[in-house]
Amino acid sequence: MNVFDPHIHMTSRTTDDYEAMARSGVRALLEPAFWVGQPRTHVGSFEDYFASLIGWERFRASQFGIRHYCALALNPKEANDPALVDGVFELLPRYLVKEGVLAVGEIGFDDQTPAEEACFERHLELARRFALPILVHTPHRDKKRGTERTLEILRHHGFPPELSLVDHNTEETLPLVLEAGCWAGHSIYPNTKMDESRMATLVKQYGPERILVNSAADWGVSDPLKVPKTVAEMRRVGIAEDDIAKVVWENPFAFFAQSGRLALEEIAPSATVDQRRLWEGNSVLRGQIPRVEGEAEGAVAE
Amino acid sequence: MDLLGTALLRHAASRPAWLMEAASGHAPPERDADMTFGGVPYVVGRAVVSLEGAEIDAARRSGLAWLARPCTVDEVARVVLVRAIAHAADDPFTAVRRLFVRGDNNERAAVLRALPLLRGPERFVPLATEGCRTNVKTVFEAIACENPFPARHLPDAAFFQMVLKAVFVGTPLARIEGLATRTDDELRRMARAYASERAAAGRTIPDDIHMLLEEAS
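Chains as they are written, first to last, in our numbering: chain A, 1 to 302; chain B, 1001 to 1217.
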């Protein structure tokens, strides 16, 4: 099963993760700009971070046959630092114009402060200006209320729901998001957020339309193989292959293709992944023997 | 209009005013330059550039051998833009380095490809050296391969590091322009040392190291 992980922070992951993801069917992913654990205190740190997401990380992924796309924004947590806000908004247009930047994100609420709301609205203006979809984070604390406020703001601004992917849903928020006409993301986590079995239940209940699944793997306890593992669980409970494919491949592609910057031939799985012939060359192998598909073994969840 | 401009206009998917201006050597306003540069592929497309018979020789003679590798039209448009921006800028180094620093991998490669075409090339030596330090192979190859800039302008230390790095990352040395003219006892010593390190570790010695050792003095 081909997988497009629509939310994963590869900056925090190793080449072992890339290798395991490729073996488990991940062909494309989107890395939204977020918090990197340690708060940043300089606008220049964001410039280097954005450069990494459009440069180095894209190249690193390409070595494993994975297409790396990104979404860029000032994340909700750091939107609360007034020393950063104007400087990062000055930078963002210069990066949003670039190839492979498929959305504005992740944006929205964390502590649900006025500063977060102001930044959310500025991001909506940017998304309109660049005709890009948005990837919206929903808060972990007071989640239902935060999701309701998020949807209210989108409605109030007349932002197109079909260009809005509202993420980190639970049993209580999913119906609200679908009802609003938005796409609904689910982050499958080892301990928090959503798990594979609950996710399979939700897909059985609501069907596959506008529903996405991601690993949201980052620098915390998380698992970059959660989407393939959810595929296995959905199969186990008897969800049709076409419906599974819709959730983990077709929906993310259809959502981000609305950017006008994503073509199917870019991510269509090639017959072989051969590290001797790469899109962007290679220098991370550091003396290893290049991997040729078919030689690898130990695939997860396939 | 030179070969770059001709190739650009022949393959561009659309030709807005700034593109026609850039093809004739005029830059977009400085405040828009990086936005224009970043959005190039959405304007000109990504068609593969094909050169006609005599153009291939002309490309090789004028420091544009990469045009015949082949390349795509967005890369040509970006090289043309870098040249126009540098020529119009009060401080060309700062203007060109800003495009490099803010660029994605393709933008950075285009900046490095453009270096031999710029006036006062010696002032771009620090940028060429910075380009050699990248870990992204396509960016490295934009300065190291089919590019006359390193052999003409890089000091020995930087040039030799670039050559050894090419061996490390598997970039054929045949792609480095002017390598024979810069190969001396010091570079051969470095090549011998690398061969010795590989042999001591029981590893194979890349063919290109032998080529370097056999390079006539």
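FYI, nobody ran anything at the bench for these hints, they're computed from the structure. Using N, Cα and C, we set each Cβ at its ideal position, and we do this for glycine too. There's no promise every hint is true.
Partial chain A-side listing against chain B, Cβ under 7 Å, derived [to be verified]: (1) TRP35; (2) VAL36; (3) PRO39; (4) ARG40; (5) VAL43; (6) LYS77; (7) GLU99.
Take a look, some chain B residues computed to stay more than 12 Å from chain A by CB distance [said to hold, decoys possible]: (8) GLY1038; (9) GLY1103; (10) HIS1210.
Pair by pair, the computed Cβ-Cβ distance ranges are [claimed, not checked]: (11) TYR1042/B to GLY220/A: 45 to 51 Å; (12) PRO160/A to GLU1197/B: 35 to 41 Å; (13) HIS157/A to SER1050/B: 54 to 60 Å.
Against the structure, the hints come out as follows:
1. TRP35: It is violated, given that the least Cβ distance between TRP35/A and chain B is near 22 Å, above 7 Å.
2. VAL36: violated, 19 Å
3. PRO39: Interface hint status for PRO39/A: violated (23 Å vs cutoff 7 Å).
4. ARG40: Nearest chain B Cβ about 18 Å off; hint violated.
5. VAL43: violated, 13 Å
6. LYS77: violated, 24 Å
7. GLU99: holds, 5 Å
8. GLY1038: About 4 Å separates GLY1038/B from the closest Cβ of chain A, which leaves it inside 12 Å; violated.
9. GLY1103: Violated, since 8 Å does not exceed 12 Å.
10. HIS1210: HIS1210/B clear of chain A: closest Cβ-Cβ about 19 Å, beyond 12 Å.
11. TYR1042/B to GLY220/A: 45 to 51 Å: violated, 36 Å
12. PRO160/A to GLU1197/B: 35 to 41 Å: At roughly 59 Å between Cβ atoms, GLU1197/B and PRO160/A fall outside 35 to 41 Å, so the hint is violated.
13. HIS157/A to SER1050/B: 54 to 60 Å: 47 Å Cβ-Cβ, so the 54 to 60 Å window is violated.
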